[in-house]
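Can you make the complete structure from the sequences, with help from the hints?
Number of protein chains: 4
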Amino acid sequence: MKKIRTPFFIVNPKSYLYGEESLQLALVADKLAEKYGIDIFYTAPFTDLANIKSHTKYIKITAQHMDPLVPGRGMGYILPESLKAAGAEAVFLNHAEHSLTLTNLVKTIKRAKELDIITIVCADCLEEAIAIAKLGPDILLCEPTALIGTGKTSSSEYMIETTTKIKEIDKNILVMQASGITTGEDVYKVIVNGADGSGATSGILNAPDKGKKLEEMIQAIVKATNENMKY
Amino acid sequence: MKKIRTPFFIVNPKSYLYGEESLQLALVADKLAEKYGIDIFYTAPFTDLANIKSHTKYIKITAQHMDPLVPGRGMGYILPESLKAAGAEAVFLNHAEHSLTLTNLVKTIKRAKELDIITIVCADCLEEAIAIAKLGPDILLCEPTALIGTGKTSSSEYMIETTTKIKEIDKNILVMQASGITTGEDVYKVIVNGADGSGATSGILNAPDKGKKLEEMIQAIVKATNENMKY
Amino acid sequence: MKKIRTPFFIVNPKSYLYGEESLQLALVADKLAEKYGIDIFYTAPFTDLANIKSHTKYIKITAQHMDPLVPGRGMGYILPESLKAAGAEAVFLNHAEHSLTLTNLVKTIKRAKELDIITIVCADCLEEAIAIAKLGPDILLCEPTALIGTGKTSSSEYMIETTTKIKEIDKNILVMQASGITTGEDVYKVIVNGADGSGATSGILNAPDKGKKLEEMIQAIVKATNENMKY
Amino acid sequence: MKKIRTPFFIVNPKSYLYGEESLQLALVADKLAEKYGIDIFYTAPFTDLANIKSHTKYIKITAQHMDPLVPGRGMGYILPESLKAAGAEAVFLNHAEHSLTLTNLVKTIKRAKELDIITIVCADCLEEAIAIAKLGPDILLCEPTALIGTGKTSSSEYMIETTTKIKEIDKNILVMQASGITTGEDVYKVIVNGADGSGATSGILNAPDKGKKLEEMIQAIVKATNENMKY
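Protein sequences appear in the order of chains A, B, C and D.
Counting from 1, position 168 in the first sequence corresponds to residue 168 in the numbering used here; the numbering is continuous, with no gaps.
Counting from 1, position 102 in the second sequence corresponds to residue 102 in the numbering used here; the numbering is continuous, with no gaps.
Counting from 1, position 146 in the third sequence corresponds to residue 146 in the numbering used here; the numbering is continuous, with no gaps.
Counting from 1, position 91 in the fourth sequence corresponds to residue 91 in the numbering used here; the numbering is continuous, with no gaps.
Rather than coming from a laboratory, the hints here were simulated on the basis of the structure.
One should not assume that every hint holds.
Which copy is meant is left open, because identical chains are indistinguishable; a pair holds if it fits in one copy or across any two.
Said to hold, decoys possible - Listed below are the simulated EDC-like cross-link pairs for lysine to aspartate or glutamate, each with C-alpha atoms no more than 16 Å apart in a straight line:
(1) K113 with E127
(2) K134 with E168
(3) K165 with E127
(4) K107 with E127
(5) K110 with E127
(6) K134 with D170
(7) K210 with E21
(8) K113 with D138
(9) K210 with E81
(10) K57 with D30
(11) K31 with E215
(12) K165 with D209
(13) K53 with E21
(14) K171 with D196
(15) K113 with D67
(16) K3 with D138
(17) K189 with E227
This structure is a prediction, so every number in the text was calculated from the model and none was measured.
Given below as structure tokens:
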């Protein structure tokens with residue numbers, strides 16, 4: 001099992017960035033991961049993973065999805081072994097934009113464990129998060145679908161409740177909160193409210209200077225960590 | 001519009017090969033494409049496309065699927081622009097193992113045309129092939145699903161009928177026949193029966209020496225071409 | 001093959017109405033079908049079809065979807081034979097809210113022909129309509145998805161172009177235009193522009209008196225028919 | 001919340017029976033439910049539910065699936081309110097032949113609770129069953145997909161382990177075991193191994209006399225109940 005340092009941060013450019021642009025932001029993330037000693041996960045289109053891996057050293061290369069298939073048929077599906085071979089260390093599953101059947105989610109988490117790939121599993125409400133918690137994901141992201149892309153963050157109460165409920169079921173699961181993160185302040189709030197990690201998409205991509213915005217968020221992770229360690 | 005030399009050949013290892021193994025067979029295909037002057041399409045998992053592209057010169061890098069999305073959201077889906085950036089020149093659509101809704105098939109073919117990506121669209125019966133022919137694919141593969149992986153080829157009558165019917169609708173469409181191709185003889189039969197191309201998966205992968213089997217098939221393409229030119 | 005009298009009208013309450021409410025509107029439609037001698041198709045949830053059939057004589061009971069399965073497995077899918085047994089005479093396929101894979105669309109149209117069920121197949125753009133036309137549907141509904149539920153009708157140019165293109169491929173196909181129909185005037189416009197039929201959902205359901213609104217639309221069918229017959 | 005008497009039995013003819021044939025077996029089931037005082041759930045195609053309800057008094061009318069939609073759009077989907085209006089008291093969800101996304105499973109169970117519809121939720125392995133148990137289904141059917149239709153029953157160890165694990169998570173959930181039930185003896189074995197209910201499809205449908213086979217199974221329920229009460 002891979003060890004994840006907390007609090008971590010996930011940069012998730014979805015399908016907004018690809019090719020050279022995706023690589024450029026990955027290089028920034030890599031420098032920040034080294035400079036601040038923070039675990040940064042970086043997602044990219046499947047086609048970009050190997051190239052980003054070969055140009056970076058500190059970020060965790062993360063796929064946006066994978067399927068439960070094994071080497072063989074499966075034309076056009078995402079073979080877990082192909083992600084591993086490309087250098088991916090982690091994978092998102094069940095994102096609101098890519099729901100999985102429960103049956104496939106169970107199988108895909110099993111395949112990830114076989115290949116030692118970190119699973120970041122998404123839930124869009126607390127009931128779903130609780131069911132997923134029983135499946136032993138590494139990271140559980142509890143993000144109300146209605147808030148995705150809105151720039152509105154979850155309330156502190158929501159964050160504390162979901163984190164607590166998930167940890168009660170399985171204390172080894174890392175809980176991530178990431179709705180509407182647009183500033184370092186948002187990231188700070190998430191971490192001091194007890195989350196193990198945060199992340200952003202549009203909050204970074206819409207900034208005039210993506211690299212600077214990302215550094216602001218990573219610095220907030222550091223600040224919140226120091227804050228938390230006082231207690 | 002890209003010009004495709006006919007008869008062409010498609011090597012489609014699906015999800016059987018990935019990483020180093022996929023690259024090795026691609027290198028063989030690349031040498032054969034150069035040696036015999038034949039257009040060879042080579043499919044690979046999305047993660048492998050860029051790497052294979054950077055190690056080859058003659059084969060046409062081919063993706064196994066893509067989605068109709070544009071840069072933006074679309075977590076875990078296959079962005080056409082990401083394929084293009086990775087060096088892909090062609091894409092399979094609507095394979096029997098990855099059926100598309102008609103609505104998405106229409107949209108995805110449009111996206112491919114925008115990006116000048118060659119479309120290889122699959123049909124599993126003649127009725128479906130006829131409908132697809134109206135959508136203007138570059139290559140239409142009419143493969144009875146029941147024969148996939150069986151080592152049984154379609155009958156000459158079936159091949160001639162489907163090729164004729166498709167060309168009647170749009171004479172620019174290249175017709176591919178590829179059911180149960182396991183020998184050079186099978187490939188030869190397909191081409192002399194009027195198909196513009198052929199291809200194989202298990203026929204190559206199950207051979208004791210994949211490269212040798214592939215060369216046997218490419219030589220059959222050459223032989224059939226010479227045969228056809230006599231008339 | 002069932003004979004459909006044109007111009008026809010389709011009342012499609014989708015999942016807005018069910019049970020008693022659905023039956024009440026069906027009874028109104030039945031009276032209007034008798035009174036004006038117009039073929040009226042009436043859709044309802046699967047559970048309501050048999051009951052509506054047993055209380056009506058003139059409307060054509062229409063299912064909102066069916067699957068290509070044959071009697072056997074297929075838990076929770078819509079068996080064509082079960083629709084037929086319930087008295088359904090027609091079925092919608094490939095509605096924008098229920099896209100079918102092309103493979104299943106081909107199979108389902110075949111099953112409908114076997115059972116002599118009228119197919120009303122939807123397309124959301126002209127390219128899709130043209131592909132569907134090759135599959136031999138009884139009625140083809142070419143409704144730009146963007147207009148559904150907006151109260152905006154397609155332009156006369158759009159209606160004439162789609163109708164012409166579809167008839168060129170197969171003159172036996174009846175073409176329906178139904179985007180944004182909210183008044184008798186809208187229905188009239190559709191029919192004088194050459195469509196074989198029209199229909200509505202929200203245009204009827206949002207009216208203060210659904211029955212009265214429906215009669216307004218049926219009267220417009222009659223008026224347009226008389227108008228067309230003059231020429 | 002509806003009270004379910006245990007042990008119960010589920011007759012699930014899937015899409016094998018429809019119309020008159022489905023009604024005939026339902027009538028037999030109804031008589032047996034009355035005669036033996038056993039809760040019998042009876043599934044049928046959506047189109048048949050209302051008619052079966054109107055001809056029976058004791059069986060629980062059960063739908064094979066439903067969708068999470070609310071009255072409104074949703075062309076061709078299964079509106080929960082339409083099932084309720086037709087007299088359905090229960091619904092299968094996530095059957096191996098009709099997998100649901102986890103997100104939709106959560107929503108659909110909520111909708112069922114709102115309408116007081118009993119949920120019979122299927123899992124195809126223990127991990128999946130455990131996740132589902134957190135969602136509060138009324139009945140949880142843990143049926144290894146590989147055994148469906150084979151006539152092979154689960155081992156006693158498997159049955160006892162799954163029942164125990166599910167009850168540990170939520171003791172209110174009724175656990176059903178139903179793989180490969182073909183004889184009264186199979187049913188008896190399931191109930192004495194601690195399950196709250198059993199059921200069959202092909203075990204009944206393949207019998208020369210379906211009604212007699214069903215009575216054999218119901219009698220086994222009675223026998224096992226008496227057996228269990230001794231301890």
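Hints and how they fare:
{"no.": "1", "hint": "K113 with E127", "result": "between (24 Å within a copy, 14 Å between copies)"}
{"no.": "2", "hint": "K134 with E168", "result": "both (11 Å within a copy, 13 Å between copies)"}
{"no.": "3", "hint": "K165 with E127", "result": "within (10 Å within a copy, 19 Å between copies)"}
{"no.": "4", "hint": "K107 with E127", "result": "between (20 Å within a copy, 9 Å between copies)"}
{"no.": "5", "hint": "K110 with E127", "result": "between (22 Å within a copy, 10 Å between copies)"}
{"no.": "6", "hint": "K134 with D170", "result": "both (7 Å within a copy, 13 Å between copies)"}
{"no.": "7", "hint": "K210 with E21", "result": "within (11 Å within a copy, 38 Å between copies)"}
{"no.": "8", "hint": "K113 with D138", "result": "within (10 Å within a copy, 31 Å between copies)"}
{"no.": "9", "hint": "K210 with E81", "result": "neither (32 Å within a copy, 21 Å between copies)"}
{"no.": "10", "hint": "K57 with D30", "result": "within (7 Å within a copy, 32 Å between copies)"}
{"no.": "11", "hint": "K31 with E215", "result": "within (10 Å within a copy, 47 Å between copies)"}
{"no.": "12", "hint": "K165 with D209", "result": "neither (37 Å within a copy, 50 Å between copies)"}
{"no.": "13", "hint": "K53 with E21", "result": "within (15 Å within a copy, 19 Å between copies)"}
{"no.": "14", "hint": "K171 with D196", "result": "within (12 Å within a copy, 32 Å between copies)"}
{"no.": "15", "hint": "K113 with D67", "result": "within (13 Å within a copy, 28 Å between copies)"}
{"no.": "16", "hint": "K3 with D138", "result": "within (10 Å within a copy, 39 Å between copies)"}
{"no.": "17", "hint": "K189 with E227", "result": "within (11 Å within a copy, 60 Å between copies)"}
Taken one by one, the earlier hints fail for this structure at numbers 9, 12, listed in ascending order.
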